[in-house]
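Novice: Please model the entire structure based on the sequences and the hints provided.
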Amino acid sequence: MTIITLPSTIRIGRQSIGQRRYDIAEVSDITGAQAVRLFAPPRWTMLLAGMQAMDMAAAGLWEATLMQLRGGVNVLAAWDAGKPAPLGTMRGAPTLSAIAAAGATSIAITGGTANSTLLPGDWLGIGAGVGTSQVVKVTAQITLSALGAGDVSIEPPIRAALSLGSAVVWDRPSAYYRAEGSGFAWDNIPGMLAAG
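For the sequence shown, the numbering used here begins at 359 and goes up steadily by one.
What the hints contain is simulated information worked out from the structure, not anything from laboratory work.
It is possible that some hints are incorrect.
[What the hints assert, rightly or not] Listed next, with one range per pair, are the computed distances between beta-carbon atoms:
hint : residue 1 : residue 2 : range
1    : Asn-473   : Ala-411   : 25 to 31 Å
2    : Thr-367   : Gly-390   : 29 to 35 Å
3    : Leu-396   : Asn-546   : 26 to 32 Å
4    : Gly-461   : Gly-376   : 17 to 23 Å
5    : Leu-396   : Lys-441   : 41 to 47 Å
6    : Ala-411   : Ala-466   : 44 to 50 Å
The model shown is predicted, which means the values in this text are computed figures rather than measured ones.
Backbone N, C-alpha and C fix where the C-beta goes; we use that ideal spot for every residue, glycine too.
Specialist: This is how it looks when you write it as structure tokens:
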């Protein structure tokens, strides 16, 4: 398996990011009472589509990226192109200031910009590497201390414990995606777009 990074110059026509959940619902056939429990941690999903009309160079970049995925063999490291950095003002080089336990919905960070903010919906990446990192969304506004520290509320919960000092990435935090299908195709409509 190889990690293919989404090129920063790729022309995205549409990007849809979602969450696939693995919950189990149980319903009593006598009382109708329901119980829902987590079967496995949720995973991010992404649909990427190119622009309807691209010049040959832009189309070639899409083709090369798709072919490098080799179906589901390799993974694509991709981020939210509409929000590559937090809407809040936090920057710097934040890290975890405490272990993030599996199941936690709050992380303690330090090393962010002094007195900066994170806003609901901001993305953060924690850790590095496939299987040893996680991308989360901030769920409550926070203003970090003068030391750039604070407790950040997040979802989804931490999948596997992350160690003290793990990097907290705010610039293009990338999740790792596998292609769902085993094939792909692209359209070529002669005369639709002049070469250039």
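Novice: Run every hint past the structure and note whether it holds.
Specialist: Consistency of the hints with the structure:
no. : hint                          : in the structure
1   : Asn-473 / Ala-411: 25 to 31 Å : violated, 46 Å
2   : Thr-367 / Gly-390: 29 to 35 Å : violated, 55 Å
3   : Leu-396 / Asn-546: 26 to 32 Å : violated, 45 Å
4   : Gly-461 / Gly-376: 17 to 23 Å : holds, 22 Å
5   : Leu-396 / Lys-441: 41 to 47 Å : violated, 27 Å
6   : Ala-411 / Ala-466: 44 to 50 Å : holds, 48 Å
Violation of the numbered hints given earlier is confined to hints 1, 2, 3 and 5; the remaining hints are satisfied by the structure.
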